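K.L.:
Note that the protein sequences, when read in sequence, are chains A and B.
Mapping of the first sequence onto UniProt numbering: position 100 corresponds to residue 100, and the numbering continues sequentially without gaps.
Mapping of the second sequence onto UniProt numbering: position 62 corresponds to residue 62, and the numbering continues sequentially without gaps.
Keep in mind that the hints were calculated from the coordinates and are not lab data.
Do not rely on the hints blindly, as some may be mistaken.
Since the list gives no way to pick one copy over another, a pair counts as held whenever it fits inside one copy or between any two copies.
Said to hold, decoys possible - Each computed DSS-like pair below joins lysine-lysine, with the alpha-carbon atoms no more than 25 Å apart:
#, residue 1, residue 2
1, K49, K38
2, K6, K35
3, K23, K38
4, K35, K49
No experiment lies behind these values; they were computed from the predicted model shown.
There are 2 protein chains.
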Amino acid sequence: MNESFKALADPTRRQIIRLLREKDRSAGEIADYFKMSKPSISHHLNALKHAGLVQDERHGQFIMYSLNTTVLEEVLGWLLELTGTGKQNEPEVHFNKEAEEK
Amino acid sequence: MNESFKALADPTRRQIIRLLREKDRSAGEIADYFKMSKPSISHHLNALKHAGLVQDERHGQFIMYSLNTTVLEEVLGWLLELTGTGKQNEPEVHFNKEAEEK
DNA sequence: TATATATTTAGATAATTATTTAAATATCGA
DNA sequence: TCGATATTTAAATAATTATCTAAATATATA
Numbered sequence: 001m002n003e004s005f006k007a008l009a010d011p012t013r014r015q016i017i018r019l020l021r022e023k024d025r026s027a028g029e030i031a032d033y034f035k036m037s038k039p040s041i042s043h044h045l046n047a048l049k050h051a052g053l054v055q056d057e058r059h060g061q062f063i064m065y066s067l068n069t070t071v072l073e074e075v076l077g078w079l080l081e082l083t084g085t086g087k088q089n090e091p092e093v094h095f096n097k098e099a100e101e102k
Numbered sequence: 001m002n003e004s005f006k007a008l009a010d011p012t013r014r015q016i017i018r019l020l021r022e023k024d025r026s027a028g029e030i031a032d033y034f035k036m037s038k039p040s041i042s043h044h045l046n047a048l049k050h051a052g053l054v055q056d057e058r059h060g061q062f063i064m065y066s067l068n069t070t071v072l073e074e075v076l077g078w079l080l081e082l083t084g085t086g087k088q089n090e091p092e093v094h095f096n097k098e099a100e101e102k
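Could you put together the complete structure from these sequences and hints?
P.N.:
Now the structure itself:
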């Protein structure tokens, strides 16, 4: 969850996500949309993959990336819980100084 | 928008948001929930404020913080656009190498 | 098999962000 | 007005992240 939020915190990575929403694309095809070097894009793709936001699969020479909307929906869920209709003063948040977010 | 995502990328700041969802709280009250120093919490509160996610208002000695759900809903909107039902291959994303995210 | 293409990994550096202690500012209440 | 409380700002440092070039790996194809 923390990884997802961190991955979404970068504008390049958010643009990559939008590109992948349209269709699956190879690493090089993605890189062509940016002025950044290919290794940098590779690094961003890795961050997205590590967060579970995208998946990759080799097809011959190419490595195709695709979006994993499941994780995006988890993030969405977290936000909905906050803005969420109704439950305005309902579910108490309980954590102590040691507590970590799941 | 970028500021919002960056603000949400930190677990301490997300916990602060959850605390403020319950009710408005003073800076000190918020700081008591964490083992971090007060200046650090002040810094995080500033990041949230800068992103427009929270507002502050002085009440005598205390400075009360409250949640601004409007900005959270904008973030929510961004995510909904991606996971969004229906419009699967509809709105083309068009940006060039110079383009900045609004 | 040698060469070209696609992509990642390594290593270095620059930039950003988080954190702390100490000091400054503001308000309250005796 | 003075001392206590609440909070922020400043300055320094540590930790993390982003970026680049060069090198390594994997696959395709002539």
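K.L.:
Which of the listed hints are not met by the structure?
P.N.:
Violated hints: none; all satisfied.
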